[in-house]
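**Student:** Here's the letter readout for the chains.
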Amino acid sequence: MKLQPLGDVAVVATLGDAIDPETLGRVLAFASAVGAAESKAVTDIVPAYATVTVFYDSAALHDQPGGAYEAVCRVLQACALKAGAKPAALGARTVEIPVCYGEDYGPDIDLVAEHCRMGVDEVIALHSGADYLVHAIGFTPGFPYLGGLPEALKVPRKDTPRSRVPAGSVAIGNSQTGVYPMPSPGGWQIIGRTPMQLFRPLKDPASLLKPGDRVRFKPMSPGDFELWR
Amino acid sequence: MEIKVHHAGMQTTVQDLGRRGHLAQGVPIGGAVDPVALRLANLLVGNAEDLPALEITLTGPELEFEKDAWIAVCGARFEGVPSWKPFRVYAGDRLKLGSRIQGCRAYLSICGGFDVPEVMGGRGTFLPAALGGFEGRALRDGDVVRSVPSERVLSGHWSIDERVLPRYSREPLVSVIPGSQADEFGETLYRDRFTVTARSNRMGIRLEGTPIARTSGGELISTAVAPGTLQVPPDGNPIVLMADAQTLGGYPRVGHVATADIPLLAQLAPGDGVRFKKITVAEAHELARAEEHRLALLRQGLSEKIRRA
Numbered sequence: 000m001k002l003q004p005l006g007d008v009a010v011v012a013t014l015g016d017a018i019d020p021e022t023l024g025r026v027l028a029f030a031s032a033v034g035a036a037e038s039k040a041v042t043d044i045v046p047a048y049a050t051v052t053v054f055y056d057s058a059a060l061h062d063q064p065g066g067a068y069e070a071v072c073r074v075l076q077a078c079a080l081k082a083g084a085k086p087a088a089l090g091a092r093t094v095e096i097p098v099c100y101g102e103d104y105g106p107d108i109d110l111v112a113e114h115c116r117m118g119v120d121e122v123i124a125l126h127s128g129a130d131y132l133v134h135a136i137g138f139t140p141g142f143p144y145l146g147g148l149p150e151a152l153k154v155p156r157k158d159t160p161r162s163r164v165p166a167g168s169v170a171i172g173n174s175q176t177g178v179y180p181m182p183s184p185g186g187w188q189i190i191g192r193t194p195m196q197l198f199r200p201l202k203d204p205a206s207l208l209k210p211g212d213r214v215r216f217k218p219m220s221p222g223d224f225e226l227w228r
Numbered sequence: 000m001e002i003k004v005h006h007a008g009m010q011t012t013v014q015d016l017g018r019r020g021h022l023a024q025g026v027p028i029g030g031a032v033d034p035v036a037l038r039l040a041n042l043l044v045g046n047a048e049d050l051p052a053l054e055i056t057l058t059g060p061e062l063e064f065e066k067d068a069w070i071a072v073c074g075a076r077f078e079g080v081p082s083w084k085p086f087r088v089y090a091g092d093r094l095k096l097g098s099r100i101q102g103c104r105a106y107l108s109i110c111g112g113f114d115v116p117e118v119m120g121g122r123g124t125f126l127p128a129a130l131g132g133f134e135g136r137a138l139r140d141g142d143v144v145r146s147v148p149s150e151r152v153l154s155g156h157w158s159i160d161e162r163v164l165p166r167y168s169r170e171p172l173v174s175v176i177p178g179s180q181a182d183e184f185g186e187t188l189y190r191d192r193f194t195v196t197a198r199s200n201r202m203g204i205r206l207e208g209t210p211i212a213r214t215s216g217g218e219l220i221s222t223a224v225a226p227g228t229l230q231v232p233p234d235g236n237p238i239v240l241m242a243d244a245q246t247l248g249g250y251p252r253v254g255h256v257a258t259a260d261i262p263l264l265a266q267l268a269p270g271d272g273v274r275f276k277k278i279t280v281a282e283a284h285e286l287a288r289a290e291e292h293r294l295a296l297l298r299q300g301l302s303e304k305i306r307r308a
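If you read the sequences in order, they're chains R and H.
First residue of the first sequence? That's 0 in numbering that gives the first Met the number 0, and the numbers climb one at a time after it.
First residue of the second sequence? That's 0 in numbering that gives the first Met the number 0, and the numbers climb one at a time after it.
Careful: at least some of the hints might be erroneous.
Away from chain R, derived, C-beta distances all over 10 Å, residues of chain H [what the hints assert, rightly or not]:
id, residue
1, Arg76
2, Arg136
3, Arg145
4, Leu164
5, Glu183
6, Ala197
7, Gly235
8, Gln299
Just some of the chain H residues that point at chain R, by a computed CB distance under 10 Å [as the list claims (entries may be wrong)]:
id, residue
9, Met0
10, Val118
11, Thr228
I should point out that these hints are in silico values taken from the structure, not numbers from a laboratory.
Note that beta-carbon positions come from the ideal geometry of N, C-alpha and C, so glycine has one too.
Isolated chain H, as found in the complex (with noise of 0.2 Å):
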């Protein structure tokens, strides 16, 4: 079915949980900045959680729907659009996500999927290059988008255990594995606040606050980064790279955050704050596998609650 854009929004764009295997042609993994609030968007309609959803960035869109669907909106909370559970939207209607209450990053995901080609293994739109996802670009005023039918019914009147949800706050302390560079910067990155600048974006949260010096080293040969590496640019000011960096990066490695506490980072806006903490490669794979574990307990929950019509 068709759904119409009457308003886009600031950056609405189609994703899902990336590309894998194509690193070595300078193509970033991309998908959703919070994977966690993309699969969990699916679950809530009964679709893999792998499927495109729409992806919003701080100013949502309006969208009308040619028929009665069910959707859901995870992440980011918008006034008078419920969160974190599936609800019915019928033809006609008109979904306006106004106003913006917390977090920064929200996906909207519809029973069925949107219908968006795959390309290089993955659905979700890589603005730089103009890959993937919708005409390879952002969601436009006027633009109608389709979902692929499905047959699906949901059983209403019930809403997930909010244990489940990820701990988003507006100063989170976030999970650090040291990097390569770590012991030519000492302790500055664990000791300050972070503050999110307005320069932020799918490639990179840059943060400000007490410069971070490197005591020691020369230039660096480029390596591999990826969604997580703590860069240190000359100027001292960290950049966290998120889902769309650059596959290879000279910069030197403060450290690296731990994959589970990526969507903490994802919903962070301009002027919130971040604080770090250390932990090892073994305790950052722990935690994976406890997010992975709530999700399974989730799915397992879920799949009473919906059925094929």
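Same shape as in the complex, but just chain R (with noise of 0.2 Å):
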């Protein structure tokens, strides 16, 4: 593990530096050790990928000796003895987003068929059948980084981002795939959209999906993607 500064704020652990489920499980099984340790000083715990990222209040920790970092520093390795080599068990929750690909739902769904050789039902089998992991949450409240897309659905990104992309639309952006919980900017190639709400301010959790769950999509028609609504 690699401890490093993220300016006067926080502490970013690095753990890893590859985007796979075993960085993953030893990212969120340090995570939760972190979260255990219930220091007071320490704000926010962010996993993503490789690195957890530990926001801190310098001034409750002032008076620590070596200073505010140094003692972050010292709860940190505390906590990664503690998690040890054993990574946490991923996709114990799995969420399955309904999605209606294609048409006016998935505007790019034709240049993906396009890009990777293969008709639109092929892109939307391939797609809806494969398993994915939640990497992070980020972007846009809610945004899942999903890992594991089928190597056969990679497309490059837009060369100009759209300016507004609809809430709910279901993108592919290199080797990952995600869902635009809110209206925003975005590069990724549209192939489909949820009615499902991936961000619900008045919930706790309001996010609906954590890194570590594990996602599928299936396929739903324009007829029930309106009924839903």
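Mind docking these for me? Both chains are given alone in their own frames, and the hints should help you get the complex.
**Tutor:** As structure tokens, then:
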């Protein structure tokens, strides 16, 4: 584990250098050890891919030997010992997300099919046939970065991002796929849309998904999409 | 009481000191871009420091007050409007924040605070998600906002010691802690002056200058970023992330602005310049402590000027 400062606000713990389930398992085991340590000075714990970033309140730690940063590093080293090399179990929870593929719901699906040299049906079958893992939540509130996209569906991002992507858009960017929880600019290729709400500010937690969740997409018809809404 | 918004100004939002504990869900800290100005504006009218106030950007609003009230305006200065001291507005008065004299963002507090619901532990507005504040959006002409009634009485005829005010400048020298990829950039960041561009907003301040060339290193795996993070996209023009910054970033990080110097950046308008100098994490924490010490002295002094009715 490598520890580095993120300015005067956080410590970044790096636990690997790859985007894979094994690294994510270690990241999540470490993140939950930090959460369990219940240090009052820790304000946020952000696991993402291969790192866990731990935000702290420096004022609460100023009288610690070596200063606030050193004090947080000591806590994190103790957490690393406790978490050990045993990765957290992934995919304990599977969330099924219904998607209406193509047409107005997925305006880039023809482009994706053409780029991947397959039919639209094949794109849908491949995308909805795979198991995905949430590696991080970010970009916008509740946006899941999903790993596990079939190699055959890799497509580059758009040269010019759209200035507004509709809420619920399901998209592919390079070797990742994700869902835009709210209208936002976006550079990924949109292949479908879900009526499911991925960010619900009045619920706790507000984000439907969290790192380590398993996700599956299930095709739905335009009729079912409109009914759901 | 009601405050009628006759003109909303360029971007006027309700802000507080932000949300904590939701970064892992992708919800930024948010709140005032210049938290020190917001805290001072609240202290001056006898409020708790974290109450919601109006954040006013570049062009000010025109407001009408239903009843007499104490208010304060801190941060950017506007012609004809007292700065850094509480003043009385009277029922039916129209307050216009017209020509901007200095700075970029002003904070208008009212005794009792603005009355907006708490969402995810904060009352500030996060515009991209239409979250919190006044209906999740910036104020518009014709809106009516409310303030919480307050019984406090302020004694007039005094002003605060200039030494507790942030040292704003149109060309500040801003302290930076080297970032994870600092070694891949050399010393360019600390040599030249950068100009603030018009493409800056609550998410980030986009700078322009001699492009910062990355001499080594490949694609990075996204990790958490935060207000203050200085990231460098491939074009070499650095971006300083501000209050509404997205929570994860994949651009290399050349540095991170010391928390105590964030207000200096918050007040830069397009065309203003900035220079950077290198400091350590421990030095940045010391700067933050000194800032808190100044605010504590002010709080103490103010306690004599404000009493309950």
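**Student:** Work down the list of hints and note, for each, if the structure agrees.
**Tutor:** So, going through the hints one by one against the coordinates:
Arg76/H, annotated as away from the interface, keeps every beta carbon of chain R farther than 10 Å; the closest lies near 29 Å. Separation of Arg136/H from chain R is adequate, the least Cβ-Cβ distance of about 13 Å exceeding the 10 Å criterion. Annotated as non-interface, Arg145/H keeps its C-beta farther than 10 Å from every C-beta of chain R; the closest such distance is 21 Å. The non-interface label for Leu164/H is consistent with chain R: the shortest C-beta to C-beta separation is roughly 21 Å, beyond 10 Å.
At roughly 14 Å from the closest C-beta of chain R, the C-beta of Glu183/H stays outside 10 Å, upholding its exclusion from the interface. Here Ala197/H stays apart from chain R, with its beta-carbon at least about 17 Å from theirs, past the 10 Å limit. No beta-carbon of chain R comes within 10 Å of the beta-carbon of Gly235/H; the shortest separation is about 20 Å. Residue placement check: Gln299/H keeps its beta carbon more than 10 Å from all beta carbons of chain R (closest about 17 Å).
Look at Met0/H: its Cβ only gets to about 28 Å from chain R, farther than 10 Å, so that hint breaks. For the restraint placing Val118/H at the interface with chain R, the shortest Cβ-Cβ distance is roughly 6 Å, inside the 10 Å limit, so the hint holds. Evaluation of the Thr228/H hint against chain R yields a held restraint, the C-beta minimum of about 7 Å falling below 10 Å.
Going down the numbered hints, you'll see the structure goes against just number 9.
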